[in-house]
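What follows is each chain in one-letter form.
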Amino acid sequence: MIKRILLVDDSPLIHNLLRKTLEKHGYEVAGDAMNGKEAVELFTQLSPDLVFMDITMPIIDGLEAAKAIKSQQPTAKIIMLSAMGDEEIVSQAKALGIDIFLQKPFDDYKIISAIAKVI
Amino acid sequence: MDMRMTVPFVEALQDIFKQMAMIEAQTDGEPFTDNEEVHSYGVSSIITFAGKIKGRFLIDLDTQVALQAAKNITGSSYDSPKEQMVLAVVSEMNNIISGNAITKLNNEYGLSLRLAPPIVFAGTDVIISIPKVASASVTCTTAYGKLKASVAISKA
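The listed protein sequences correspond, in order, to chains A and B.
Here the numbering used here = 1-based position in the first sequence + 1208.
Here the numbering used here = 1-based position in the second sequence + 9.
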């Protein structure tokens, strides 16, 4: 069964690059959210197998959105993909039960090997 | 301004242009103080950050540098710097450069800095007015034209 992934990032470039990588490796993009609020709404509607979540976004940031998703479904699988990666922010993400934290930039290998560890 | 603060930004700028866009950016010299209004080279992006200090980082690219970066990253050609994907490339590159630089500053100095989403402009008629806060700029040469980076930092 094809795994369905929700992409959350305020950059159209990141959606474009992730979509190419995921489709090339046999994954389906379940939906595209441009901020944390849309992420929570789309997660509820689409029930994806995995979420790729940026942190710095308008309206609701990625950490708040991840917290809302985890409170709704504690087993939700989330990979944070952020330009930031300092010890403080990584530990905040881990405290929320984030599965993997990746720092941008990324390549196909970084993305696909992270997915393989989570789903 | 403590010039040590500029080093992570310049290093990240060179790393990210090389890694993401396959563009080598050679610095033209040491960072210099920059307090005057300047006309944009073509496409510019500003990002602000705040924590125990606050500041902003600006990148300003010749149009050809922006178009080539967009082509190398997305695999598609673009005619105008005002196309959405060209603006998205410059904006996201600024986000990643700043994020990587701030990660180093946070880990080294415990500054708890966080980024705001970047803003991007296209057009050589854009005038960039640098407020009178301590700032340092550096210009770089690439195979496709010039780019400039400027860091300003002040007390929170």
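Among the clues, some could well be false.
Simulated pairs of lysine-lysine, DSBU-like, Cα-Cα distance not exceeding 35 angstroms [what the hints assert, rightly or not]:
1. B:Lys164 - A:Lys1325
2. A:Lys1285 - A:Lys1318
3. B:Lys61 - A:Lys1285
4. B:Lys155 - A:Lys1275
5. A:Lys1228 - B:Lys61
6. A:Lys1318 - B:Lys113
Note that these hints are calculated values from the structure, not bench results.
Hint-by-hint comparison with the structure:
| no. | hint | in the structure |
| --- | --- | --- |
| 1 | B:Lys164 - A:Lys1325 | violated, 42 angstroms |
| 2 | A:Lys1285 - A:Lys1318 | holds, 17 angstroms |
| 3 | B:Lys61 - A:Lys1285 | holds, 33 angstroms |
| 4 | B:Lys155 - A:Lys1275 | violated, 43 angstroms |
| 5 | A:Lys1228 - B:Lys61 | violated, 39 angstroms |
| 6 | A:Lys1318 - B:Lys113 | holds, 21 angstroms |
The structure does not agree with the numbered hints 1, 4, 5 stated previously, though it agrees with the rest.
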